[in-house]
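Produce the entire structure from the sequences given, and follow the hints as far as they go.
Here are the chains, one letter per residue:
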Amino acid sequence: MAKITMREAINQAMRLEMARDPDVILIGEDVAGGRGCPVDDKEAAGGVMGVSAGLYGEFGAARVIDTPITESAIMGAAAGAALTGLRPIAELMFADFFGVCFDQVYNQAAKFRYMFGGQHGAPMVVRTMVGAGMGAGPQHSQAIYPIFAHIPGLKVVLPSGAYDAKGLLIQSIRDNDPVMFCEHKMLYGEEEEVPEESYQIPLGEARVVREGSDVTVVALGRMVHLAVEAAGELEEQGISVAVIDPRTISPLDVDTILDSVEETGRVVVVDEATPICSMASEIASMIVSDGFSSLRAPIRKVTAPHTPVPASPVLEAGYAPTAASIREAVEAVYNYR
Amino acid sequence: MAKITMREAINQAMRLEMARDPDVILIGEDVAGGRGCPVDDKEAAGGVMGVSAGLYGEFGAARVIDTPITESAIMGAAAGAALTGLRPIAELMFADFFGVCFDQVYNQAAKFRYMFGGQHGAPMVVRTMVGAGMGAGPQHSQAIYPIFAHIPGLKVVLPSGAYDAKGLLIQSIRDNDPVMFCEHKMLYGEEEEVPEESYQIPLGEARVVREGSDVTVVALGRMVHLAVEAAGELEEQGISVAVIDPRTISPLDVDTILDSVEETGRVVVVDEATPICSMASEIASMIVSDGFSSLRAPIRKVTAPHTPVPASPVLEAGYAPTAASIREAVEAVYNYR
Amino acid sequence: MNLDEAALRHAYETMRLMRIFDETGRREFLAGNLPGFIHMYCGEEAIAAGICAHLTDADYIASTHRGHGHCIAKGCTIEDMALEIFCRRDGLCRGKGGSMHIADLEKGMLGANAIVGGSAPLAVGAALKIKTRGDSNVAVAFIGDGASNQGTVFEAMNLAVVLKLPAIFAYENNGYAEMTGVDYHCGSGDIAARAGAFGMPAHKVDGTDYFAVHEAMAAAVEHARAGKGPVSIECVAPRWYGHFEGDPQAYRTKEEIAELEQTRDPLTLFRERVMAESTLTEADFAAIDAAVSERIEAAMDAARKAPLPEPADLYTDVYEVYD
Amino acid sequence: MNLDEAALRHAYETMRLMRIFDETGRREFLAGNLPGFIHMYCGEEAIAAGICAHLTDADYIASTHRGHGHCIAKGCTIEDMALEIFCRRDGLCRGKGGSMHIADLEKGMLGANAIVGGSAPLAVGAALKIKTRGDSNVAVAFIGDGASNQGTVFEAMNLAVVLKLPAIFAYENNGYAEMTGVDYHCGSGDIAARAGAFGMPAHKVDGTDYFAVHEAMAAAVEHARAGKGPVSIECVAPRWYGHFEGDPQAYRTKEEIAELEQTRDPLTLFRERVMAESTLTEADFAAIDAAVSERIEAAMDAARKAPLPEPADLYTDVYEVYD
Ligand SMILES: Cc1ncc(C[n+]2csc(CCOP(=O)(O)OP(=O)(O)O)c2C)c(N)n1
Ligand SMILES: Cc1ncc(C[n+]2csc(CCOP(=O)(O)OP(=O)(O)O)c2C)c(N)n1
Ligand SMILES: [Mg+2]
Ligand SMILES: [Mg+2]
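Protein chains in written order, with the numbering used here: chain A, 27 to 363; chain B, 27 to 363; chain C, 13 to 335; chain D, 13 to 335.
Treat each hint with caution, since some may be false.
Unchecked claim - Below, simulated EDC-like cross-link-like pairs (lysine to aspartate or glutamate); rule was C-alpha separation at most 20 Å, straight line:
(1) B:K29 / B:E216
(2) D:K317 / D:D92
(3) A:K211 / D:E257
(4) D:K143 / B:D47
(5) A:K29 / A:E216
(6) C:K216 / C:D202
(7) A:K211 / D:D259
(8) D:K143 / B:E84
(9) D:K143 / B:E223
(10) D:K176 / C:D195
(11) C:K240 / D:D195
(12) C:K176 / D:D202
(13) B:K211 / C:D259
(14) B:K29 / B:E223
(15) C:K176 / D:D195
Stated by the list, open to error - Chain A regions said to be covered by chain C (calculated; three or more residues, Cβ under 8 Å):
(16) 80-91
(17) 100-113
(18) 142-153
(19) 177-184
The hints are simulated quantities; they were obtained by calculation from the structure and are not laboratory data. Every residue, glycine too, gets a C-beta built ideally from N, C-alpha and C.
Laid out in structure tokens, this is it:
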């Protein structure tokens, strides 16, 4: 099996699905790479991050659609096309931009099935970039997905690497409900072994990244890698840490988390999003409601602080959780008596 | 002291502040009541719910500003005016509409102070209507404030009645940070005793509506009244229930809640918002983190289900929590052993 | 007037259904039998009728909060609509949508919409589907004068032009957005010209004149079906009632309102012209009126008595699958 | 050319500062010394310079992601700007904003903005403040050609017209929105005409010609200060570099790029005309060039060595008070 980056894995998923199903289209800003310009198809950039490179050359302008800067119209066009039979992938370049277009996602696409009494849903995927780490500042670095998870009718996916990204994206494209597919910008370049062929990973199934019996760490997205790093270090201290990657945050695989908590009784939730009304809160509250009898220590949330993301790299380095801050939290709940 | 409705209390707060400070303006759709029409100032409606009735006649078109249907421009105009010295009150008619304009609130106004290194904030209030109960359907009934609370830089207020609404709104107008002031549409007609003169209620101070030693109920907005009703019934069964109304959900008065939990060890959180990444989750997760040693039972969240708000009144009646569903949850945590 | 008798009958019946549906609905609302808000289309009937006369079930419309007329024109069954505005179990949306969200996908009716301006991007999406599939249908967005100021609508127009989509932007200028007059809220005072500046043909017609709307739409549909891109049509037709039921209309005079029924009734105008220029008679119209009234009375009656949703319906159709 | 020598010198120095600030910043970025993204203003200097020549500290501008030129034209100190793009503790925004969020409220510079189209409503807000206070200042929004398609921008224009605000919409048409050409993304192909259809005077000028921009802005400012409402100016001036540093520009030819420096350099054009029509000489310009280079070199040097923010700064200035 070849090692490829998450960028390539996402690209493969789109290519496979577009080849399989003519109703799958990709629409967004520069997803082809500069329409209206004297651009060579082969060199078309395929998005600012190159994630859709090559698709324009392969599927043409009718299915890989560059748009103006017009997020409401992009999301609405995807929603309307999905309602009438296509399976659009709409790119919201940075998730931070949801504020100019969210109505078409949350009041329209997400509610069609319900408010139209089950007549039809909106089988669309919004691919969007999340997360800090590039020094891109307050409006290009947010992990805003708790807001997506709050919305009934949306599903929300947050892969931590290339393998999951490919299988989850293929599944998301085939799903008959709208899916917010959140890609962490710092993971695009990370490599994993990924089969060339098509495969699906169901939405709503967590991955137990690492078994462990003393403390359960539930970590999201990029945080999974830091949690695994921390777990390795803690093992040397004799603390056995389970690491769970929910992969999809809505629906959330409650059972896998509760099973682990039943064994450990101690929980740390790690997320890069800001803490209030976050997935970290959600997971902790789910456990104190449904896993209370197993709980033997306070649940620690390790998250970004309740602040915007600073541009300064030194400040940004202190913004998201680190392996060290995870380790410290695990030690604290482990030692709680 | 006269009994007045929450509608009148909010109106009074605006009137008092506009009279006191010429920099306070009100801007929004129909907040005057139909500019450009041959309307008599005295009869100008003052908003679809009549909340700003009379202000146009009193302060004129320069300070009570009707706009087109243009929420992004309304929020942006308020943000820009606040950044440069005014103290705008901007009306977002229904909070459900945040999806067409949230960027100007969350990426702009809420981040100015931080991303400009403390130079200036945006002293503005967004007054907006929330909640179910009118049969207004999926796009006009949401309790979407958990999304506001998630955002660093915003404050979020949710009064449960006329007295608090007046004091909190005056405080919010004087606050130097942007405040989302959420008015529950089913409370506008509810009366309470309210002093005529101006008074302020600090943001971040909960109100202990009812003391109690067996179970702590934290209830938000309209839910406070149902919690009090349930508590009264439970008292007859010999269960002593404390009811806490946070009043401001960001900042949240953590201490008042934890103090009560220390005594009761048992908690029910009641909110009309949908449950995932909600204030109910937030409050529960805060308690399991900071009040774990006191906890003697699972925390029960009593919320709307993870569904849109149905238009049908019979379905809507089952949507939000009721005194009965609160009572049941309290009994469950009370009887937990 | 190059419409045959059947077309004329159909047009009138459609408008009459709209009129009586809304006036009956209004009575039911004022009697407390309908939940939520209800918005009367009276005075604007010729718009939806003239626009949708050119459409089949394979064409799409995306509608507004004031959507009953659009539904009827697009062929939704009155009986199913009545069930929905009463929020009954067997309504078009099973009672979950209500008046502001009626939809009927089989008829190409993509939903009333309680978000002002929400319809435009959705219609562009339907037009995108049409173009992607290589079909020659069209998608129409109905847009109020007030909605014409919403950013989503401007964006939708530009995108439709850029992608050369078969989208038609049907502006319903009824004079007001809630309580605010169009002379105030539309800065340029000219909705059609503004649409034209986005790079598409822009018509402006008297929306109380069925024939004027019909003609403009004929041109628009031809343009769009030919793959020449979007078109806009501004139809001017004052609304007769308040914004929603309960609106005291302090913002306009009693005289203004009274005059509307006298001089700007699209049904009267239609009847008079048709009687003058075709073989249809007073009696023909009276027969249609009677049939319409009977049908709507029966539909409303049935809806009033129809079963309510079951409590468990609250939880269904949020997702197809969620676990 | 009715500008005196001091004004000409100032204009040139301003543009030269922009040019060298960005070219030096570019070197620093490519050397890995700057975080985030950086967007070059080279080729567009005459726009910000010509617009802001008419403004004082009491007027406002709201800027874009490509904001360095706007800052300089509005009077922000180069040294403080350098500190900010290096994200240093004593930068204009204490290192929390960086290149895409530089702001200087004392100079009436309301911030670069990393949300495309974010500036327009904010400028309208500043104009609302001006009108509410009864002042005669103006507020300018800089808006890219790409941004001109964003709903927020359309809404801002309409609201400014409706409320008759002293807002000026300065469109910077540099030919591209990221990789997408303006001929493609703007459906009508005519940004100025589209703005005009919103109901305001709309100028279109060569944005590489300082004098053309200056003249159009003179008229705009006069109009706005007189209380006659908003104005728009489309300034056409191609950008020289990629969208951001790192953009390989596969979407345009090497020849197109090469030609720009030859034929569309606003500084060269300015110098040539001024030398022909005034007493300023080659030597005068050379002296300015030398002084600018020295100053910027020193500023960048100082910034590189300046102290970083303290870890605790992460938590400050989220709110004034929060508890
Ligand atoms: C985004 C949004 N803003 C505001 C409203 C409240 N609202 C409902 S209808 C309406 C007026 C709409 O006016 P217009 O578009 O002219 O349609 P009309 O009611 O005249 O048919 C307003 C402001 C809304 N539903 N959605
Ligand atoms: C709302 C939003 N959408 C997309 C982007 C990504 N983006 C940043 S700059 C840019 C192009 C802007 O083009 P234009 O307005 O012409 O300005 P220019 O870069 O040419 O100065 C895009 C698409 C963004 N920052 N914000
Ligand atoms: Mg109207
Ligand atoms: Mg550009």
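Going down the list of hints, with the structure as the test:
1. Between B:K29 and B:E216 the CA atoms are separated by roughly 10 Å; this keeps the pair inside 20 Å, and the hint holds.
2. A hinted pair counts as satisfied when its Cα atoms are at most 20 Å apart, and D:K317 with D:D92 qualifies at roughly 13 Å.
3. Using a Cα cut-off of 20 Å, the hinted pair A:K211 and D:E257 holds, with the two alpha carbons roughly 18 Å apart.
4. A distance of roughly 16 Å separates the Cα atoms of D:K143 and B:D47; the hinted pair therefore holds under the 20 Å criterion.
5. With a CA separation close to 10 Å, the supplied pair A:K29 and A:E216 stays within the 20 Å bound.
6. Using a Cα cut-off of 20 Å, the hinted pair C:K216 and C:D202 holds, with the two alpha carbons roughly 10 Å apart.
7. Between the alpha carbons of A:K211 and D:D259 the distance comes to roughly 17 Å, so the proposed pair stays at or under 20 Å and holds.
8. For the suggested pair D:K143 and B:E84, the alpha carbons sit about 19 Å apart, so the restraint of at most 20 Å is met.
9. Taken as a hint, the D:K143 and B:E223 pair is broken in the structure, with Cα atoms around 31 Å apart against an allowance of 20 Å.
10. Simply put, D:K176 and C:D195 have alpha-carbon atoms about 14 Å apart, close enough for the 20 Å limit, and the pair holds.
11. For the hint linking C:K240 to D:D195, the alpha-carbon distance of about 17 Å falls within 20 Å, and the restraint holds.
12. At roughly 17 Å between alpha-carbon atoms, C:K176 and D:D202 fall within 20 Å of each other, so this suggested pair holds.
13. Between the alpha carbons of B:K211 and C:D259 the distance comes to roughly 17 Å, so the proposed pair stays at or under 20 Å and holds.
14. Distance check on the hinted pair: B:K29 and B:E223 sit about 13 Å apart at the alpha-carbon level, within 20 Å; holds.
15. A hinted pair counts as satisfied when its Cα atoms are at most 20 Å apart, and C:K176 with D:D195 qualifies at roughly 14 Å.
16. Coverage of the region 80-91 of chain A by chain C holds in this model, with 3 residues showing a Cβ closer than 8 Å to a Cβ of that chain against a need of three.
17. Only when three residues or more bring their CB closer than 8 Å to a CB of chain C does the claim for the region 100-113 of chain A stand; here the count is 13, and the claim holds.
18. Counting residues of the region 142-153 of chain A whose C-beta lies closer than 8 Å to any C-beta of chain C gives 6; at least three are required, and the coverage claim holds.
19. With 3 residues bearing a CB less than 8 Å from a CB of chain C, the region 177-184 of chain A meets the requirement of three and the coverage assertion stands.
Checked against the numbered hints above, the structure breaks only hint 9 and satisfies the rest.
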